[in-house]
Amino acid sequence: MRALQGIAGEAGRASGLAVANLLGGVLVLFFQKARSEEFEAAALPHLNDLFRTARRLLGEQAAAEDVVQEVYLQAWKSFHRFERGTNCRAWLFTILFNAAHHYRRKWAGSAASEGDEDLEEKLRYTPPVPETLMDEEVLAALDRVPPDFRAVVLLADVEEFSYKEVAGILKIPVGTVMSRLSRARKLLRDELAAVAQSYGIKKASQGGQEA
Amino acid sequence: MNTINFNEAVCKQIRTQLDHYLSNELSVETNQEVMKHLEACAACSQELEARMRVKNLVRRAVQSETAPPALRQQIEGRIRASESLFSFMPFSPRWALAAAAAVVVVLGGVMALRWRTNRLYDDAGAQAEYIRAVSARLPRVETVGLADHLHCAVFRRFPKEYPAEAVAAQQLGPQFVQLVSNVKEKMPGEYRVVMAHRCSYAGRHYVHFVLKSDSNLLSLVITEKQPGESFGEMEASSGSEVSVPIYQVAAKRFEVAGFESQGYLAFIVSDLDRKDNLQIAENLAPLVAGFLNSING
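The listed protein sequences correspond, in order, to chains A and B.
Each residue of the first sequence is one higher than the last, beginning at 30 in this note's numbering.
Each residue of the second sequence is one higher than the last, beginning at 715 in this note's numbering.
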């Protein structure tokens, strides 16, 4: 009899637990549904920005797509840690730079940064900047800027994050952000001037042929 | 065209601020200072314009690219898939669920253990199996006492309120009343008589006292000797000065101390260590032998 009571009691407890679990599961699903909608509403509007940045950081379209997918999945997994009201965009970019870093390490395709002496050499010039250039030419010039400097340009000049935000995303001091941005802009200007020069020469030679 | 304020040192100083000006990172005061200089200085103004053009060119070029529509769909698909499969749960209820799962596992374990215990207590077959296992390598005569201890004392939940010794003695009959109180007197003070009864197990009858301290359970078991049962071939565990020789064996965590008197076998069985169990047996053996003499006589 005692055994029977014991079994009944435990069966009761077990079924109670099962019901509680089921209810918990339903609640979790319901809550999660709401949460995933919240996540998509907060995070997906930044897809283009993240993709463009990834594209310029990694060079290849396929790599950029992989990394951006990874960014969204990671962000979704840790969305519970994201504090509402804080900067979702900056948070996503932080994840992006982490993911891109890991991606580059994995494929070991990143070119070494140029030494400071080389840069100093280039920084002496302040060549004129052409008024109009094709986007492809500008992008090609940007891609020739060393990755660390390119990253700062992408965040500060394209995505218009503040120095402080850039420092947070790249995990470097604000002073480093400032110096890298200045150098990057000068490098870019140099590259663009070089493009314009060849462009001008091409045009000039075309013009010359026509003349 | 040079302005009144043109000064190379000032321009140099202003140009270090131009990048920050372009990024809108200057303090209000410095910002005004730079703007004031720019209004007056064409060279610095041109330099700012050049830098701004670089920035705008780059921004426009980078932003000319958009994510492929399929990428958005892939991302949405993977997020939804993660939802329905429970493969991971990206927020706090995940931990709640993990905790719930842990609780279920622990409860399951506890229930399984209790289930086993219940079987041990309530299933005669399981009891017999356990008794057989514990007594496997004992001399047969010793198993007589051990089996009853296991059967009656170990496989039993004793009530929290111990019955009065007198009540326990009444269940045995008037001739045992004195024995119960005498046994109690000879035992260390922390022991209480929790049961004193007649019982039968495996076809034989016993008189059985169960005594309990906070940490130990002890039985005094008395039964009629059956033909061929004797401690005769064993070596006595007790010293030579003891009037009743005691034969003690260990079986798993139990000590079984047996002795015989007047056609009866008696046992002290407990989960005490060897020395303590033997000590109690030596204390009780003369008393029990005297009692058995008295009921036979």
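Do not take every clue at face value.
Partial pick of chain B residues on the chain A-facing surface, computed with a CB cut under 7 angstroms [said to hold, decoys possible]:
{"id": "1", "residue": "737"}
{"id": "2", "residue": "780"}
{"id": "3", "residue": "947"}
Taking CB as the label site, the calculated pair distances span [said to hold, decoys possible]:
{"id": "4", "chain 1": "B", "residue 1": "745", "chain 2": "A", "residue 2": "227", "range": "31 to 39 angstroms"}
{"id": "5", "chain 1": "B", "residue 1": "753", "chain 2": "A", "residue 2": "201", "range": "16 to 24 angstroms"}
{"id": "6", "chain 1": "A", "residue 1": "134", "chain 2": "B", "residue 2": "822", "range": "38 to 46 angstroms"}
{"id": "7", "chain 1": "B", "residue 1": "756", "chain 2": "A", "residue 2": "95", "range": "21 to 29 angstroms"}
{"id": "8", "chain 1": "B", "residue 1": "906", "chain 2": "A", "residue 2": "109", "range": "55 to 63 angstroms"}
{"id": "9", "chain 1": "B", "residue 1": "816", "chain 2": "A", "residue 2": "177", "range": "50 to 58 angstroms"}
{"id": "10", "chain 1": "A", "residue 1": "63", "chain 2": "B", "residue 2": "839", "range": "38 to 46 angstroms"}
{"id": "11", "chain 1": "B", "residue 1": "757", "chain 2": "A", "residue 2": "63", "range": "54 to 62 angstroms"}
{"id": "12", "chain 1": "B", "residue 1": "760", "chain 2": "A", "residue 2": "109", "range": "48 to 56 angstroms"}
{"id": "13", "chain 1": "A", "residue 1": "160", "chain 2": "B", "residue 2": "790", "range": "56 to 64 angstroms"}
{"id": "14", "chain 1": "A", "residue 1": "177", "chain 2": "B", "residue 2": "757", "range": "45 to 53 angstroms"}
{"id": "15", "chain 1": "B", "residue 1": "760", "chain 2": "A", "residue 2": "177", "range": "54 to 62 angstroms"}
{"id": "16", "chain 1": "A", "residue 1": "134", "chain 2": "B", "residue 2": "753", "range": "46 to 54 angstroms"}
Stretches of chain A that chain B covers, calculated by requiring three or more beta carbons in the stretch to come under 8 angstroms of a beta carbon on chain B [said to hold, decoys possible]:
{"id": "17", "region": "97-109"}
{"id": "18", "region": "115-128"}
{"id": "19", "region": "178-186"}
{"id": "20", "region": "212-220"}
Calculated from the structure, these hints are not laboratory results.
For each residue, glycine too, the CB sits at the ideal point set by N, CA and C.
Now for the hints, and whether the structure bears them out:
{"no.": "1", "hint": "737", "result": "holds (6 angstroms)"}
{"no.": "2", "hint": "780", "result": "holds (5 angstroms)"}
{"no.": "3", "hint": "947", "result": "violated (42 angstroms)"}
{"no.": "4", "hint": "B/745 with A/227: 31 to 39 angstroms", "result": "holds (37 angstroms)"}
{"no.": "5", "hint": "B/753 with A/201: 16 to 24 angstroms", "result": "violated (35 angstroms)"}
{"no.": "6", "hint": "A/134 with B/822: 38 to 46 angstroms", "result": "holds (43 angstroms)"}
{"no.": "7", "hint": "B/756 with A/95: 21 to 29 angstroms", "result": "violated (49 angstroms)"}
{"no.": "8", "hint": "B/906 with A/109: 55 to 63 angstroms", "result": "holds (57 angstroms)"}
{"no.": "9", "hint": "B/816 with A/177: 50 to 58 angstroms", "result": "violated (45 angstroms)"}
{"no.": "10", "hint": "A/63 with B/839: 38 to 46 angstroms", "result": "violated (55 angstroms)"}
{"no.": "11", "hint": "B/757 with A/63: 54 to 62 angstroms", "result": "holds (58 angstroms)"}
{"no.": "12", "hint": "B/760 with A/109: 48 to 56 angstroms", "result": "holds (52 angstroms)"}
{"no.": "13", "hint": "A/160 with B/790: 56 to 64 angstroms", "result": "violated (41 angstroms)"}
{"no.": "14", "hint": "A/177 with B/757: 45 to 53 angstroms", "result": "violated (31 angstroms)"}
{"no.": "15", "hint": "B/760 with A/177: 54 to 62 angstroms", "result": "violated (29 angstroms)"}
{"no.": "16", "hint": "A/134 with B/753: 46 to 54 angstroms", "result": "holds (49 angstroms)"}
{"no.": "17", "hint": "97-109", "result": "holds (count 9)"}
{"no.": "18", "hint": "115-128", "result": "violated (count 0)"}
{"no.": "19", "hint": "178-186", "result": "holds (count 4)"}
{"no.": "20", "hint": "212-220", "result": "holds (count 3)"}
Taken one by one, the earlier hints fail for this structure at numbers 3, 5, 7, 9, 10, 13, 14, 15, 18, listed in ascending order.
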